[in-house]
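Trainee: Sequence:
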Amino acid sequence: MKGKREKEKEGKVLALVSGGIDSAVLVSELSAEYASVIPFYIRNGFAWEKVELHWLRRYLKKIASKTLAPLKVVDLPLRDVYPNHWSLTGKKIPGFDSEDAAVYLPGRNIILLSKAAVYAALQGAAFIASGILKGNPFPDSTPLFFRTLETALS
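In our numbering, each residue carries its 1-based index in the sequence shown increased by 64.
These aren't lab readings, by the way, just hints derived from the structure by calculation.
Check each hint, because a few of them may be wrong.
Per label pair, the in silico range of CB-to-CB distance [claimed, not checked]:
#  : residue 1 : residue 2 : range
1  : A185      : R211      : 17 to 23 angstroms
2  : V182      : R211      : 19 to 25 angstroms
3  : P203      : K130      : 35 to 41 angstroms
4  : S162      : W119      : 20 to 26 angstroms
5  : T131      : Y183      : 15 to 21 angstroms
6  : S162      : P134      : 34 to 40 angstroms
7  : G159      : T131      : 37 to 43 angstroms
8  : E97       : L217      : 18 to 24 angstroms
9  : P170      : D139      : 15 to 21 angstroms
10 : K114      : P134      : 17 to 23 angstroms
11 : F160      : T131      : 31 to 37 angstroms
12 : G159      : K114      : 18 to 24 angstroms
Result set (DSS-like, lysine-lysine): computed pairs, CA atoms no more than 27 angstroms apart in a straight line [to be verified]:
#  : residue 1 : residue 2
13 : K136      : K114
14 : K114      : K156
15 : K125      : K76
Given the structure is predicted, the values throughout are model-derived calculations rather than measurements.
C-beta atoms are modelled at their ideal positions from N, C-alpha and C, and glycine is treated no differently.
Could you put the whole structure together from the sequences, leaning on the hints where they help?
Mentor: Given below as structure tokens:
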């Protein structure tokens with residue numbers, strides 16, 4: 065009988081990735097634990113995506129391994145629901161010292177995870193991994209939110 069560690073190494077996981085340090089560490093650690101890691105990037109039309117994708121691709125090239133699948137980039141445009149939002153227009157972007165409420169992107173995690181869940185199911189990935197910052201104050205980043213969504217997506 066195989067132990068838990070061996071079973072994990074045989075599994076496939078989809079990792080939501082961006083250009084951030086949280087997902088960079090996540091995808092690197094997952095690629096050492098699982099037989100197959102699918103880095104998954106969702107393009108929403110945000111002002112920063114071109115630069116983010118550039119650095120993400122460079123990073124993934126540097127950490128390439130036999131367990132790391134090619135980056136999968138999908139589109140889920142948000143212009144119809146965030147029509148004049150700073151994240152899409154690039155105008156009046158909140159500063160580094162802004163209050164958390166100023167940088168909140170309503171529904172961001174449910175949007176990302178719903179598309180990721182469909183793709184993961186089609187690829188046979190049993191898990192979805194996302195690097196969430198510990199101090200994230202938003203309602204779609206709480207442990208209760210993730211437990212509830214995990215139940216719904218299962």
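Trainee: Now tell me, hint by hint, if it's right for this structure.
Mentor: Okay, the hints, checked on the actual structure:
1. A185 / R211: 17 to 23 angstroms: For A185 and R211 the Cβ distance comes to about 19 angstroms; the hint holds.
2. V182 / R211: 19 to 25 angstroms: The hint (19 to 25 angstroms, Cβ to Cβ) holds, given that V182 and R211 are roughly 20 angstroms apart.
3. P203 / K130: 35 to 41 angstroms: Given about 39 angstroms between the Cβ atoms, the range holds.
4. S162 / W119: 20 to 26 angstroms: Roughly 23 angstroms apart at Cβ, these two residues keep to the hinted range, so it holds.
5. T131 / Y183: 15 to 21 angstroms: 18 angstroms, holds
6. S162 / P134: 34 to 40 angstroms: Cβ of S162 to Cβ of P134: about 36 angstroms, so the range 34 to 40 angstroms holds.
7. G159 / T131: 37 to 43 angstroms: 39 angstroms, holds
8. E97 / L217: 18 to 24 angstroms: Roughly 21 angstroms apart at Cβ, these two residues keep to the hinted range, so it holds.
9. P170 / D139: 15 to 21 angstroms: 19 angstroms, holds
10. K114 / P134: 17 to 23 angstroms: The hint (17 to 23 angstroms, Cβ to Cβ) holds, given that K114 and P134 are roughly 19 angstroms apart.
11. F160 / T131: 31 to 37 angstroms: 36 angstroms, holds
12. G159 / K114: 18 to 24 angstroms: Roughly 21 angstroms apart at Cβ, these two residues keep to the hinted range, so it holds.
13. K136 / K114: 15 angstroms, holds
14. K114 / K156: Between K114 and K156 the Cα gap is close to 19 angstroms, so the pair holds against 27 angstroms.
15. K125 / K76: Between K125 and K76 the Cα gap is close to 20 angstroms, so the pair holds against 27 angstroms.
Hint compliance for this structure: every hint is met.
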